[in-house]
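Asks: Listed below, chain by chain, are the residues.
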Amino acid sequence: MKVVVDEDSCCGAGQCVLLAPEVFDQRDEDGIVVLLDSEPGEERHAAVREAAAVCPGAAIEVEEG
Amino acid sequence: MKQDLSYPIPSEAALEPPAEWAELRGECPVAHVKLPSGDQATLLTRYADVKQVLADPRFTRLLTAPDAARLSATDDGGLFNSEMAQIIPDGGEEHLHWRRLVGRWFTAKRMAALRPSMAAMAEELIDDMVKHGAPGDLRAALGFPLPVYVICDILGVPAEDRERFAYWSDTLLNLTRYDKAEIDAAQGEFFQYMSDHLAAKRAEPGDDVLSELLAAGGPEEGGLTDLQVLVTGMGLLVAGHETTANMIGKMVAMLLDDRTRWERLLADPSLIRTAVEETLRMDANSGFGLPRYLRDETEVSGVHLPKGTTVVCSMAAANRDESAFDAAGELDLGRTPNPHLAFGAGAHSCLGQALARTELQVVLEVLLRKLPSLELAVPAAELERVEGLAVGGLRTVPVRW
Numbered sequence: 001m002k003v004v005v006d007e008d009s010c011c012g013a014g015q016c017v018l019l020a021p022e023v024f025d026q027r028d029e030d031g032i033v034v035l036l037d038s039e040p041g042e043e044r045h046a047a048v049r050e051a052a053a054v055c056p057g058a059a060i061e062v063e064e065g
Numbered sequence: 001m002k003q004d005l006s007y008p009i010p011s012e013a014a015l016e017p018p019a020e021w022a023e024l025r026g027e028c029p030v031a032h033v034k035l036p037s038g039d040q041a042t043l044l045t046r047y048a049d050v051k052q053v054l055a056d057p058r059f060t061r062l063l064t065a066p067d068a069a070r071l072s073a074t075d076d077g078g079l080f081n082s083e084m085a086q087i088i089p090d091g092g093e094e095h096l097h098w099r100r101l102v103g104r105w106f107t108a109k110r111m112a113a114l115r116p117s118m119a120a121m122a123e124e125l126i127d128d129m130v131k132h133g134a135p136g137d138l139r140a141a142l143g144f145p146l147p148v149y150v151i152c153d154i155l156g157v158p159a160e161d162r163e164r165f166a167y168w169s170d171t172l173l174n175l176t177r178y179d180k181a182e183i184d185a186a187q188g189e190f191f192q193y194m195s196d197h198l199a200a201k202r203a204e205p206g207d208d209v210l211s212e213l214l215a216a217g218g219p220e221e222g223g224l225t226d227l228q229v230l231v232t233g234m235g236l237l238v239a240g241h242e243t244t245a246n247m248i249g250k251m252v253a254m255l256l257d258d259r260t261r262w263e264r265l266l267a268d269p270s271l272i273r274t275a276v277e278e279t280l281r282m283d284a285n286s287g288f289g290l291p292r293y294l295r296d297e298t299e300v301s302g303v304h305l306p307k308g309t310t311v312v313c314s315m316a317a318a319n320r321d322e323s324a325f326d327a328a329g330e331l332d333l334g335r336t337p338n339p340h341l342a343f344g345a346g347a348h349s350c351l352g353q354a355l356a357r358t359e360l361q362v363v364l365e366v367l368l369r370k371l372p373s374l375e376l377a378v379p380a381a382e383l384e385r386v387e388g389l390a391v392g393g394l395r396t397v398p399v400r401w
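Going down the list, the sequences are from chains A and B. With the first letter of the first sequence counted as 1, position 35 gets the number 35 in the UniProt record's numbering; the numbers rise by one all the way through. With the first letter of the second sequence counted as 1, position 246 gets the number 246 in the UniProt record's numbering; the numbers rise by one all the way through.
If you are wondering where the hints come from, they were derived from the structure by calculation, not from laboratory data. Since the model is a prediction, treat every value here as computed from it, not as a measurement. Ideal placement from N, C-alpha and C gives every residue a C-beta, glycine not left out. Warning: the hint list may mix true and false statements.
Unchecked claim - Partial list, computed: chain A residues near chain B (C-beta under 10 angstroms):
no., residue
1, Asp8
2, Val17
3, Asp28
4, Asp30
5, Ser38
6, Val54
7, Cys55
8, Pro56
9, Gly57
Said to hold, decoys possible - Calculated pairs, SDA-like style, for lysine to any residue (alpha carbon to alpha carbon, straight line, at most 25 angstroms):
no., chain 1, residue 1, chain 2, residue 2
10, B, Lys109, A, Glu61
11, B, Lys109, B, Gly346
12, B, Lys370, B, Gly346
13, B, Lys109, A, Gly65
14, B, Lys109, A, Val4
15, A, Lys2, A, Glu50
16, B, Lys109, A, Arg27
Taking the hints into account, I'd like the entire structure generated from these sequences.
Replies: Next up, the structure:
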């Protein structure tokens, strides 16, 4: 799995951080998404998929492979 | 197209959606409705349409346009149509700048750090309710005060003034309850209160969001204008009051209405997170929805919308769209994923959603732990809705334990 985030679409909702804190974070200075792990291990795939599905800015893209 | 439907559409039962929603989604997803002002607007009820429109910058929040529909029954249309609503930039770089300056206070991590103090507050409020004996009103005892204490703390305003904030918030969110003189007087007082508060914070900064926004300096230093800080403070106070405060009561009522839900949560508290999201999705009484003013002509669900159309997005109706959610009419405590639109979508999606989620989760955790025997003290059919405001809620939530 490969994860890509789009900072411009991010609205800082923080859902991704609540769901997968090992993969996503938010910058202290403006709340925008920071990708901590672009190729997360399998145990995190379900949480990452959920984060992408519920992101209100549609800022997370998941490529399965 | 259905004509002359009055909006908001009344519902027979406080926790149930009006029957019209399903009909509108099925047959008339782009409907003409009449607002409390008497003006016409276009109501959207399908999930895909609501989501698309909320994320589309051509659908602006500029409801001060001369041809925009007025919302409330007062002549000026109320808050959404007021100049005050335009102080915060609507789009582009300026909005992004505002959003990021304020949004940094509401990150998931910052909100998670508030959990212990929220839980302590919830415990204290529940102890007080229990001390007064059953039945108690969960809205007055817990649902309302908890978010108010939390937002007062974040803004550095004294929680003792909460009765005044509550009244000012209600008048700002008026649809039909207050007349123009009452609203003008309340807004004047609120504006003055916040000006005085900011002057005090400027003289003696505290550890709160408003002090920090002031410390960032004016627009030339990368901060906001004084008026923007003031309106941000008023907006956050109103938003922090009415939304989660009402949602706590509605969430608990929904979970107790069928008590097997409560029992399932007692047996498996790991469902708390998804249960909170599902009650947000199923909230049939979330309020007015989000109004938008269309800058250019476009199409929604194959229907042509002319430039100047005022659209109302019903997120609550969209959240029950069968084409977006399996068994959309059923409350499923474990539903995953749950991309509901209760907090909107796109660049204007609710700034305080991590705060709201944290508060709802903490309240539910503490209630399950402290009052496992909790039940509604009246049949759900007897619960009554708050009327005449843009935000939906229950007047009281009578419970025993």
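Asks: For each hint, tell me whether it holds in the structure or not.
Replies: Taking the hints in turn, this is what the structure says about them:
1. Asp8: holds (9 angstroms)
2. Val17: holds (4 angstroms)
3. Asp28: holds (7 angstroms)
4. Asp30: holds (4 angstroms)
5. Ser38: Interface hint status for serine 38(A): violated (20 angstroms vs cutoff 10 angstroms).
6. Val54: holds (5 angstroms)
7. Cys55: This hint holds: cysteine 55(A) lies near chain B, its Cβ roughly 8 angstroms from the closest one there, short of 10 angstroms.
8. Pro56: With a closest approach of 4 angstroms, the proline 56(A) hint holds.
9. Gly57: This interface hint holds because 6 angstroms falls under the 10 angstroms limit.
10. Lys109(B) with Glu61(A): Status holds; Cα separation ~22 angstroms.
11. Lys109(B) with Gly346(B): holds (21 angstroms)
12. Lys370(B) with Gly346(B): Distance of about 38 angstroms is beyond 25 angstroms: violated.
13. Lys109(B) with Gly65(A): violated (31 angstroms)
14. Lys109(B) with Val4(A): holds (21 angstroms)
15. Lys2(A) with Glu50(A): holds (14 angstroms)
16. Lys109(B) with Arg27(A): Given that 25 angstroms is the threshold and the Cα spacing comes to 10 angstroms, the pair holds.
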